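So the chains spell out like this:
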Amino acid sequence: MSKGVIRVVHLYPREMSIYGDLGNTRALAARIRRHGYQAEVVGHDPGDPFPDDPHLLLGGGGQDSGQLRVEEDLDRNADRLRTLAADGVPMLMICGMYQLFGNAFITVEGTRLPGLGILDVTTQGNRTRMIGPVVLDTEFGDVVGYENHSGSTTLGPGQAPFGRVRAGYGNNPDDGTEGARTANVVGSYLHGPILPANPRLADALIGYAAERATGEPFRPEVLDDGLADEARGRQVRRLTGVARNGRREAWSRPWRRGERRAG
Amino acid sequence: MPLRTSAAVLAGKTARVASRMRGGGSALPGLVAEKVDPQFLRHTLSQVTGGIVVVSGTNGKTTTTKMLVALLRAHGRTVFTNPTGSNFTRGVVSSMLPQIGPSGRLDADLAVLELDEAHALKFAATVRPTHALLLNVARDQLDRFAEIDHTARLLAGLARHTTDGVVLNLDDDFVARIADDEGDRLTVRYFGVHASIADRLPELREQDVRFGEPFTPPTPGPDDGLLRPRDERAFDIVFGECAVGPVTLQQRGLAAMINATAATTTARLLLGDAFSAQTAADALALVRPPFGRGEVVMVGGQPLELVLVKNPAGFTVALGTYGSSPVATMIAVNDNDADGRDVSWLYDVSFESLRERGVAWTSGIRAYDIALRLEYDEVPVAHVEPELTAALDAFTAAHPDEPKRIFCTYTAMMALRRTLAARHDLPDFGEEG
Ligand SMILES: [Zn+2]
Numbered sequence: 000m001s002k003g004v005i006r007v008v009h010l011y012p013r014e015m016s017i018y019g020d021l022g023n024t025r026a027l028a029a030r031i032r033r034h035g036y037q038a039e040v041v042g043h044d045p046g047d048p049f050p051d052d053p054h055l056l057l058g059g060g061g062q063d064s065g066q067l068r069v070e071e072d073l074d075r076n077a078d079r080l081r082t083l084a085a086d087g088v089p090m091l092m093i094c095g096m097y098q099l100f101g102n103a104f105i106t107v108e109g110t111r112l113p114g115l116g117i118l119d120v121t122t123q124g125n126r127t128r129m130i131g132p133v134v135l136d137t138e139f140g141d142v143v144g145y146e147n148h149s150g151s152t153t154l155g156p157g158q159a160p161f162g163r164v165r166a167g168y169g170n171n172p173d174d175g176t177e178g179a180r181t182a183n184v185v186g187s188y189l190h191g192p193i194l195p196a197n198p199r200l201a202d203a204l205i206g207y208a209a210e211r212a213t214g215e216p217f218r219p220e221v222l223d224d225g226l227a228d229e230a231r232g233r234q235v236r237r238l239t240g241v242a243r244n245g246r247r248e249a250w251s252r253p254w255r256r257g258e259r260r261a262g
Numbered sequence: 000m001p002l003r004t005s006a007a008v009l010a011g012k013t014a015r016v017a018s019r020m021r022g023g024g025s026a027l028p029g030l031v032a033e034k035v036d037p038q039f040l041r042h043t044l045s046q047v048t049g050g051i052v053v054v055s056g057t058n059g060k061t062t063t064t065k066m067l068v069a070l071l072r073a074h075g076r077t078v079f080t081n082p083t084g085s086n087f088t089r090g091v092v093s094s095m096l097p098q099i100g101p102s103g104r105l106d107a108d109l110a111v112l113e114l115d116e117a118h119a120l121k122f123a124a125t126v127r128p129t130h131a132l133l134l135n136v137a138r139d140q141l142d143r144f145a146e147i148d149h150t151a152r153l154l155a156g157l158a159r160h161t162t163d164g165v166v167l168n169l170d171d172d173f174v175a176r177i178a179d180d181e182g183d184r185l186t187v188r189y190f191g192v193h194a195s196i197a198d199r200l201p202e203l204r205e206q207d208v209r210f211g212e213p214f215t216p217p218t219p220g221p222d223d224g225l226l227r228p229r230d231e232r233a234f235d236i237v238f239g240e241c242a243v244g245p246v247t248l249q250q251r252g253l254a255a256m257i258n259a260t261a262a263t264t265t266a267r268l269l270l271g272d273a274f275s276a277q278t279a280a281d282a283l284a285l286v287r288p289p290f291g292r293g294e295v296v297m298v299g300g301q302p303l304e305l306v307l308v309k310n311p312a313g314f315t316v317a318l319g320t321y322g323s324s325p326v327a328t329m330i331a332v333n334d335n336d337a338d339g340r341d342v343s344w345l346y347d348v349s350f351e352s353l354r355e356r357g358v359a360w361t362s363g364i365r366a367y368d369i370a371l372r373l374e375y376d377e378v379p380v381a382h383v384e385p386e387l388t389a390a391l392d393a394f395t396a397a398h399p400d401e402p403k404r405i406f407c408t409y410t411a412m413m414a415l416r417r418t419l420a421a422r423h424d425l426p427d428f429g430e431e432g
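Line order of the protein sequences matches chains A and B.
For the first sequence, the positions run 0 to 262 when numbering that gives the first Met the number 0 is used.
For the second sequence, the positions run 0 to 432 when numbering that gives the first Met the number 0 is used.
Rather than coming from a laboratory, the hints here were simulated on the basis of the structure.
Being a predicted model, the structure only gives us computed values, none of them experimental.
Errors might be hidden in some of the hints.
Here's a subset of chain A near chain B, in silico, CB distances under 8 Å, partners left out [what the hints assert, rightly or not]:
| # | residue |
| --- | --- |
| 1 | Leu21 |
| 2 | Arg25 |
| 3 | Gln62 |
| 4 | Gly131 |
| 5 | Asn147 |
| 6 | His190 |
| 7 | Pro192 |
| 8 | Gly214 |
| 9 | Ala230 |
All C-beta atoms, glycine included, are put in the ideal place defined by N, C-alpha and C.
If we strip away everything but chain A, and leave its shape as in the complex, we get (with noise of 0.2 Å):
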């Protein structure tokens, strides 16, 4: 029987999900329905009207030109997000959307373009992409993904991030900050997809959506992790040199503050 339906909207599914982000919205349904809730995946496109009472929200990485189709769109929009955001509605924004969900980006000709502000962070456009895999540390334990953004993003005081940076790159080459988290909002640059590999974080965003859904906390099921433990423990042994057992087998993380690759 089922404990409930949740009803996950991912926005913008044709403009913004590059680099398989549409994963997540897979792994969500598929982990819903393990853990024996029903789930309902709504697409809302530019112009659609917003879907009613949404539980958990999912956004992706896009091209330019898609980001430009989707900001009117956003901005129609603004209020409502926001007073969801605040109201505890779980929401995972990747790439192109965790810009987007921040206060304003500022392109390289010092154009300011603001954002919906739920983030309280700022990205600077610039001409360097910061590509490659990414280990973080979360309050998730560990998250592994791949980035790739040319935006530089800078967290506003107060603001707490998303995750601590071990490989990789994260906001920007300096602070060792990676993506942002409000209430329930997560914005981070990780794609990989993200939700897959990291299932702590999907079910993260599952038990608020459920609790949302269904007045009740989240009653979960025990799920085998197996195949995403060992693919994420993989990723994390053979990025940070930190083999099975605790020790440092090796310091190479050359992709970080080191030499730049051009993109």
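Given chain A, put chain B with the ligand in place with the hints provided.
Frame of chain A, contents of chain B with the ligand only:
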């Protein structure tokens, strides 16, 4: 030939011998020749009077180039091409050197060059191609180009530098749109799929979201080639009232058929009245699959097929092609530079066609990631073994009496091919062909 260019030929040839002896890379001699004469490429290709054709796009360059060259040669033309897949101008120069006689002339009526999108544009800035065959724009090598839009712009730039004619993919919005800008100046031909298989189109193309309005492709004319399959292997290429076919390729699959359609449409444009449908069909039937594109190795009396996969469009087409025949399947995914370091794209492929038979082994550096991906499509995976040789041996031993297929990324394929060569007495294998 200017004196400087002769000196460049000599220097390049010397470097070629030297690099052969050391087993060095194929680009070095070209580098040397270019150092001596920076205009080497332009000078040498200016002697080629029958046309300079560049083949570019994300998927199918190598196969299509091979087919186009075979078609032209079958019609009696002498063709210079860059067969080693040395995918940039220095590689072109390197492969040119052995074909330059003592007179300093390149012995060729036509040049057909396979170049990736970025290098094609650089090449075109030096040597203006007479013709360009633009295949498609797909998500690939994101580490390098970062954006599909950017790739599309590179191809549009290549068309802008072309002097006589372009052959465009009717079914790829990014490519077909190029006619809007260049159609008045250039002869435009299209290749595409016939209405009878239009249902396969969504799996073949990327969404072009750059423009608000959906793109309406032009109606194909009598000189545009359309692929009309007869069955899994045989097909016709339909030009208005005429057709080339039936054609049966040595390489299987829809992707290869589309490549043949592109090559034939281009050959017909280049050859004009000299084009013969019968000669074309015969020539295509003889083209051997390039290395790793559906190459079949006999292992213990059973065929083992290596299928190179490098992006969602290519993988999806490959699965659609092969999904129906029952074989034992292995998938090997590496994430070295040559594979693309980001494996996110595996989530843009649908693996449902493998659900019934399942996957026997996953392997490679990202063996667990592809197994996890398959789990989300409810495809059963029997074994995960990251080490490629161990996985290959276990896979072939466990399925002695049935045909086998390995979908693999580039460096995984290279490693598997090496092991297979050592175990099963394979013919020599060179670079990516
Ligand atoms: Zn990104």
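When the nearest CB of chain B is found for leucine 21 of chain A, is that gap smaller than 8 Å? holds, 6 Å
How about alanine 230 of chain A: closest beta carbon in chain B under 8 Å, or not? holds, 4 Å
Hold the hint about asparagine 147 of chain A up to the distance rule: shortest CB distance to chain B must be less than 8 Å. holds, 6 Å
Interface hint compliance - glycine 214 of chain A to chain B, C-beta minimum distance less than 8 Å: violated, 29 Å
The hint names glycine 131 of chain A as touching chain B; please verify it with the least Cβ-Cβ distance against 8 Å. OK, holds: glycine 131 of chain A within 8 Å of chain B, min 7 Å.
Holds or violated: is there a CB of chain B closer than 8 Å to the CB of proline 192 of chain A? At 5 Å from the nearest chain B Cβ, proline 192 of chain A passes the 8 Å test, so the hint holds.
Does the closest beta carbon of chain B sit nearer than 8 Å to the beta carbon of arginine 25 of chain A? Holds, because the Cβ-Cβ distance from arginine 25 of chain A to chain B comes to roughly 6 Å (cut-off 8 Å).
Taking the closest Cβ pair, is histidine 190 of chain A under 8 Å from chain B? holds, 5 Å
Hint check: 8 Å Cβ-Cβ cutoff, glutamine 62 of chain A to chain B: Cβ of glutamine 62 of chain A sits 5 Å from chain B, so the hint holds.
Hint 8 alone, counting from the list given before, is not met by this structure.
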